[in-house]
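Here is how the chains run, residue by residue.
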Amino acid sequence: MRIGIPSALFYYVYFPMWKVFFEELGVQVITTGKTTRRMLDSGVREALADACVPIKVFFGHALALKGKVDFLFIPRIVCLNKKTVYCPKFLGLPDMIRHGLADMPPVIDVRIDNRDRKNGIFSAYYAVGKMLNASPLNIIRAYLKARLTQLKFQRVLNSGLQPLEAMDVIFKGKKYQSVKQPGQLTFALVGYPYAIHDPYISVGVVEKLRQMSVQVLTPDNVPPGKLNWQKHGSGKRMFWTFSERTLRAAAYFARRSGVDGIIHLTAFGCGPDSIVDRFIRFNNKNGGNIPFMSLTIDEHSGEAGIGTRLEAFVDMVKRKKRGDR
Amino acid sequence: MRKVTFPHMGESYRTFKMLLNDLGNEVILPPRPSRRTLNLGVQNTPEFACFPLKILMGTYLETIEMGANVIVTSGGVGPCRAGLYAELHKKILHDLGHPVEMIVFEPPRLYPFNFIRNVYKLNPCRLSIKAIIECIKRAWRKLQALDNVEKATHIIRPRELKPGATTKTYKKVLEWIDKAYTTREIIDAETAALIELDNIPRDPERLVLKVGIVGEIYVLLEPASNLEIEETLGNLGVEVERSMFLTGWTRDNTWKETVEGLTVKDAAKPYLPELIGGHGRDSIGNTILYSKRNFDGVIQLAPFTCIPEIVARTILTSVSRDYNIPVLTFFLDEQTGKAGMTTRLEAFVDLLRRKKLQAPDNKLLTASTF
Numbered sequence: 000m001r002i003g004i005p006s007a008l009f010y011y012v013y014f015p016m017w018k019v020f021f022e023e024l025g026v027q028v029i030t031t032g033k034t035t036r037r038m039l040d041s042g043v044r045e046a047l048a049d050a051c052v053p054i055k056v057f058f059g060h061a062l063a064l065k066g067k068v069d070f071l072f073i074p075r076i077v078c079l080n081k082k083t084v085y086c087p088k089f090l091g092l093p094d095m096i097r098h099g100l101a102d103m104p105p106v107i108d109v110r111i112d113n114r115d116r117k118n119g120i121f122s123a124y125y126a127v128g129k130m131l132n133a134s135p136l137n138i139i140r141a142y143l144k145a146r147l148t149q150l151k152f153q154r155v156l157n158s159g160l161q162p163l164e165a166m167d168v169i170f171k172g173k174k175y176q177s178v179k180q181p182g183q184l185t186f187a188l189v190g191y192p193y194a195i196h197d198p199y200i201s202v203g204v205v206e207k208l209r210q211m212s213v214q215v216l217t218p219d220n221v222p223p224g225k226l227n228w229q230k231h232g233s234g235k236r237m238f239w240t241f242s243e244r245t246l247r248a249a250a251y252f253a254r255r256s257g258v259d260g261i262i263h264l265t266a267f268g269c270g271p272d273s274i275v276d277r278f279i280r281f282n283n284k285n286g287g288n289i290p291f292m293s294l295t296i297d298e299h300s301g302e303a304g305i306g307t308r309l310e311a312f313v314d315m316v317k318r319k320k321r322g323d324r
Numbered sequence: 000m001r002k003v004t005f006p007h008m009g010e011s012y013r014t015f016k017m018l019l020n021d022l023g024n025e026v027i028l029p030p031r032p033s034r035r036t037l038n039l040g041v042q043n044t045p046e047f048a049c050f051p052l053k054i055l056m057g058t059y060l061e062t063i064e065m066g067a068n069v070i071v072t073s074g075g076v077g078p079c080r081a082g083l084y085a086e087l088h089k090k091i092l093h094d095l096g097h098p099v100e101m102i103v104f105e106p107p108r109l110y111p112f113n114f115i116r117n118v119y120k121l122n123p124c125r126l127s128i129k130a131i132i133e134c135i136k137r138a139w140r141k142l143q144a145l146d147n148v149e150k151a152t153h154i155i156r157p158r159e160l161k162p163g164a165t166t167k168t169y170k171k172v173l174e175w176i177d178k179a180y181t182t183r184e185i186i187d188a189e190t191a192a193l194i195e196l197d198n199i200p201r202d203p204e205r206l207v208l209k210v211g212i213v214g215e216i217y218v219l220l221e222p223a224s225n226l227e228i229e230e231t232l233g234n235l236g237v238e239v240e241r242s243m244f245l246t247g248w249t250r251d252n253t254w255k256e257t258v259e260g261l262t263v264k265d266a267a268k269p270y271l272p273e274l275i276g277g278h279g280r281d282s283i284g285n286t287i288l289y290s291k292r293n294f295d296g297v298i299q300l301a302p303f304t305c306i307p308e309i310v311a312r313t314i315l316t317s318v319s320r321d322y323n324i325p326v327l328t329f330f331l332d333e334q335t336g337k338a339g340m341t342t343r344l345e346a347f348v349d350l351l352r353r354k355k356l357q358a359p360d361n362k363l364l365t366a367s368t369f
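So the sequences go chain by chain: A and B. Going by numbering that gives the first Met the number 0, the first sequence opens with residue 0, and the numbers climb by one from there. Going by numbering that gives the first Met the number 0, the second sequence opens with residue 0, and the numbers climb by one from there.
Incorrect hints may have been included.
[Unchecked claim] Not the full set, but computed from the structure, chain B residues with beta-carbon under 10 Å of chain A:
{"no.": "1", "residue": "Leu52"}
{"no.": "2", "residue": "Arg80"}
{"no.": "3", "residue": "Lys90"}
{"no.": "4", "residue": "Pro111"}
{"no.": "5", "residue": "Phe114"}
{"no.": "6", "residue": "Glu308"}
{"no.": "7", "residue": "Ile309"}
{"no.": "8", "residue": "Ala311"}
[To be verified] Covered by chain A, per the in silico footprint, the following chain B stretches (three or more residues, Cβ under 8 Å):
{"no.": "9", "stretch": "215-221"}
{"no.": "10", "stretch": "273-281"}
Hints are computed from structural coordinates only; laboratory data are not their basis. Please read these numbers as outputs of a predicted model, since none were measured by experiment. Glycine included, every Cβ here is placed at the ideal spot set by N, Cα and C.
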């Protein structure tokens, strides 16, 4: 049996766990790999024009799996930390794929909501395992193994690698070494993992910054426990997990020494980000005063345009640093 | 001196003015959103914030110019971002140098103390609890009266003989309800208003299409934000039924869910079993219900970048196919022009009319319409 997991959105956060879980149960996991022009084009054609790029890309990835798999795995992740929920588009994601696209393979959608026991994480995995006719013992074993892998994944992330690299480390045994030269700039790139780490959507921001010999830190590199302690200063609790994380990460990086600038990467038309971005600015105004840039990307973002803005920002930060000395 | 103001949402300001006055506040009436309101709002809000946030920002700035220093507004618990708007407004207003006080009403079911504290803050006269409840009851009755009268105009406008007669009468009778103070007076004014509207000469023969309107609450309820879509449709000979009125919404969100609310939830279940915030699920549920009630079409109104409505819109394509009901969506923002919207509406209505006339059971109607 083959199960398809589109390499977009939650892929960058939970894929190692899912992959191990399914493979332990003897199911072949098929992903779509890197985003391509073709995927984006088909996604743009099928998805609503007003949706954000990550959603369009997700549609493209899902379409790429059409006819190649027996099931699509698109869980409905509502809440994982008992406090915040995910953006409305995640809550309606399985329905959008099921009703928005024609002739798709059946969608395995399982509701994960940690706020009530019935829909907790383990119950959700158990339900998926049952759907695949696995025995309870096997499910529990697969689940534990998946959890361990996810922990390992987080450890690799904490060491400073980005999710795609960390997956290579875990599954392919690749070795990366981060060389930090003295005098190098360090930037924090905050935003949603599915926008930052998809090199096609983000027009390779991470790679571009590295080429300019800037070390890049993302919220994924900060242990979740540490992030949860950060005050984000929005007054009211943010409703969305990823947005709250972004806000906390921005506050954390602004306070942390050794970070020279913060870049907020946001997708065109992103609803929550309209608020997050403004809150980051207000926080920054009242304290830190760390150089900050917000970068909006969409399906028409060009290499040259983004590159120019990044270069200008790097130059500015460099000049500021020199002036300080 | 405390001067209280609140967001402008359709005709509901008449009620809130009365209620706040009764509690002993000096009220600054929010002006109807205009081009200037929008410009003020757009200048001072994030670009991708949704349309209601921008209009509210503009309204607040206009009322602050008029001397307001306390803003009463609603909160929310997500996942729609409107719940964070009060916080964002406060930060932006303070940043602009307006030290206004924001009184944010969260859903009383979840935050009863917040509700009590807010009522206390808005009660400088120190009325007794009993008196406050009395005032709220009266205000509620007025809100119902306003909603009922508005519903009547939706039915009468497409059938009027003299174009514009309904709108003119509506404006006149609103003043009657506005002046009514006691419950008795409100009921009398409502009855008189309904009779006055009923007296408008109508054409019983006309083929009237029925269209349901679904979508996000603010753009549904504030005619200035949806460019008076109901009036435009009425003039095109379409009877409009709006899925949301302030009274119904308040009932669903303050104390307990109404039967209507639960029916909508149930209807939407096969397509969207999850509350996705805003009114996404309501839009889907209501579309299905309208189709079951043999409406000719549905119009969805949403602010630009409203995620719940984007999700709903994606799913509505398949609802529209399954239930054979045409759906037209407008994403509204400050760039939306009335002429463009009217053209699209005319085309939509033409399509609906042709569809209705070609339906096999409607052959007889053809003669009388042309």
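Earlier hints that do not hold, by number = 4, 5, 9
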